[in-house]
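**Student:** Modelling step: build the complete structure from the supplied sequences, incorporating the hints.
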Amino acid sequence: MRTVDSRRIPRNDHPIPAQSSPTTPVRVLIVDDERYFQDVVRELIDATSGFECIGSACSGEEGIDEADRLRPDLVLMDVRMPGIGGMEAARRMNARGNPAIVVLVSAEEGLADGSRGGASEVVPKRKLCRSLLRRLWEERGQTLAETRS
Amino acid sequence: MKGAGIGLGWLAACAGAIALAAATAVINLESSIVDRPVLFTSLRLVYCGGLVVIALAVLARGAGARMAGPILAASYLLALAGLTAVNSPVAFTLGRIAVQASLLLCLYVVFAYPSGHVEQRGATRLLAGSGVAMALLLAANLLLSDIQPVAGPFVRCSGSECPSNPLNVLAAGHGAGTALSTALAVVTALTLAGAAVLVALRAARATPLQRRSLAPLLTWAVLAALSYAFFLSVRTSDQHASLLTPAAVATAAIIAAMPLAIGLGIARGRVFAMGALEQMVAALGGESSLAGLQQTMSRAFADTRLRLLLWQSSDSRYVDVDGAVVELVAIDPRRKITPVSRNGDNLAAVVHDPMLSEHVLEASVSAIRLAVDNARLQHDLTASIDELAASRKRVAGAADEERRRIEQDLHDGAQQGLVALRIKLALLAELAAEDPQSIVPALADAGERVDKALDHIRSLAKGIYPSTLRDLGLGYALGAVVRDLPLEVVVRTDLNRRFPTDVETAVYFCCVEALQNVAKHCGSGARVDLQASEEPCGLRFMIADCGPGFDPALKRATRGLTGMRDRLEAIGGELTIRSARGAGTTVTGRVPASLL
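Chains as they are written, first to last, in the working numbering: chain A, 472 to 620; chain B, 6 to 601.
Treat the hints with care, since some could be wrong.
Unchecked claim - Distance condition first, Cα-Cα at most 35 Å in a straight line; then the derived DSBU-like pairs of lysine-lysine:
id, chain 1, residue 1, chain 2, residue 2
1, B, K398, B, K525
2, B, K467, B, K525
3, B, K341, B, K398
4, A, K598, B, K457
5, B, K467, A, K598
6, B, K457, B, K467
These aren't lab readings, by the way, just hints derived from the structure by calculation.
**Tutor:** And the structure:
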């Protein structure tokens, strides 16, 4: 089984989110149908300096609407949800020109790279931690910031 | 099939015909106006006696009055025709009329053989036309001429040699009498010739079996027509020619051979049918289907239109070997229908050539009964195999569905909870280094989350296979499962031992499914009776509710009900569901004692 390499350089070509800067916190939207998981990730984000949780959604469809409304910098989206699911939601966000960086999180291990749809990366849920959040933003957000500047 | 029997009335009639023939034979032997009395009297006796024998044979086959009546009547007329040997004007005249009438009646018998009614329209016209012509000519001859008309080969007197004509009222002269007499003879010859043609046409259109029976009659009709025509020509040309006597003897002998021709026809038909029956029995060895049996019988009896019809007691009608409905009234009336039954119950019917005797067909009945039973068994077996295949598919599908459900349950419940917990513990580990006190409430919460995950997994396992069922048996498991249901369940179980695992599993999950259906359709708090007991005949369970019920005839079996039935039938049990609108539903299951 192929493991996900979280440090791969993404292919996300979206323009830089307007709100991001070195001093303002990274605005994160959580999309997951499991309430407890949302609560835990919110705690994680709140405990990570430089990051702030701006909202949550319980489905891919709701996630797309919330992303359009809230214009997050980063979206942490579950793969397996009722309705269209995370991959299709990521693809649609991409298609709608949403600038947010979408990271798919999954309870399953070993999801193939080719199955990430419009997302930047696929990360196993159990590996979510503060350092991973920082690394995700630093690799993608920093790269985008450099491109912007 | 009806049995054969000859009533006393028929026997008396036959005896009467023989007696009359014998009496007129005595008169013939002593007659002075009959040439060669012994020979011609013998021929007349053979003719009469032969007809009586044929009548008895026909009655013995069960044909009844339709065929036997005309034959016996012809024998009486033939016997009366012997009065032409009496040297008395009245008796001779009576005999003369009887000669003509007996000829017509004998031809009627030829055309009506074997069914007893004339089927050819041409034959009806011939008989009617000839009858009218003969009657008119005979009447004219008797009324206008002082001499009797020229007789046939049996009576040798003619003209002034015969007794005078008592009915002569107008003296038309010899010439008119001769002409009328000749005309009558010609009509007779043409009638015989017409009969031969019609029998030939009938044989040409007949089935092989019918043709075999008709061949002797056809031969007789042709010979009779030819010999009479020859006799007539000899007689007309020169009454004293040396050929006259041989021609008369030959013609008389041929005409007298008519009963022999019919008898040969019957015998040939029977020989053919017996041979066909032998063929059929030999061919039936490997034949078990109705279609195959029909084909075998059709080939053996050379009856391409033979059909086997199966009786469907469910809707009281016949179907053919292909399953198409057949109305008996729509069958060709020229065909015969013979029913096949067992113990008074309709089983099948055979549509066949009427020439095929019931006795021969009766021998096929056993084969027909066997084929019908085989066809039914085959049908039931096919249905069972189809149902078994469908049931296996359903069971496999249900197992896959269950696996999917378990996976979904694990993913959505325990797995998600444990993954979230993993994230939380990693975060707490990091926070512990920064502020150890802050993590204490979080650790307590994490502990609760672990408990919840454990509960979820425990509940899932219970749904897959409860530990009470595994460890304590069916009685305890049923008592335990009702505690978790939002229903008022009155449990009465009398199960004092363990049963085979597959039986306990099947009964347990059937009961659980039934109880879940009650909760779904009757709502929380509904009252349910659950009974389970071991009886001499086996294990029995029942779940009865007072809910809305349903009409089983209108409502298709749901997956749940089908699944219950499949589960129970897979272990050899049976499930019964009784329900009616507004009268609740009762689910009853049984597992035979032999499986416990």
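**Student:** Against each hint, give a clear statement of whether it holds in the structure.
**Tutor:** For each hint, the structure was consulted:
1. B:K398 / B:K525: Within the cut-off at roughly 26 Å; holds.
2. B:K467 / B:K525: 20 Å, holds
3. B:K341 / B:K398: 49 Å, violated
4. A:K598 / B:K457: 22 Å, holds
5. B:K467 / A:K598: 31 Å, holds
6. B:K457 / B:K467: It holds: about 15 Å lies between the C-alpha atoms, which stays within 35 Å.
Going down the numbered hints, you'll see the structure goes against just number 3.
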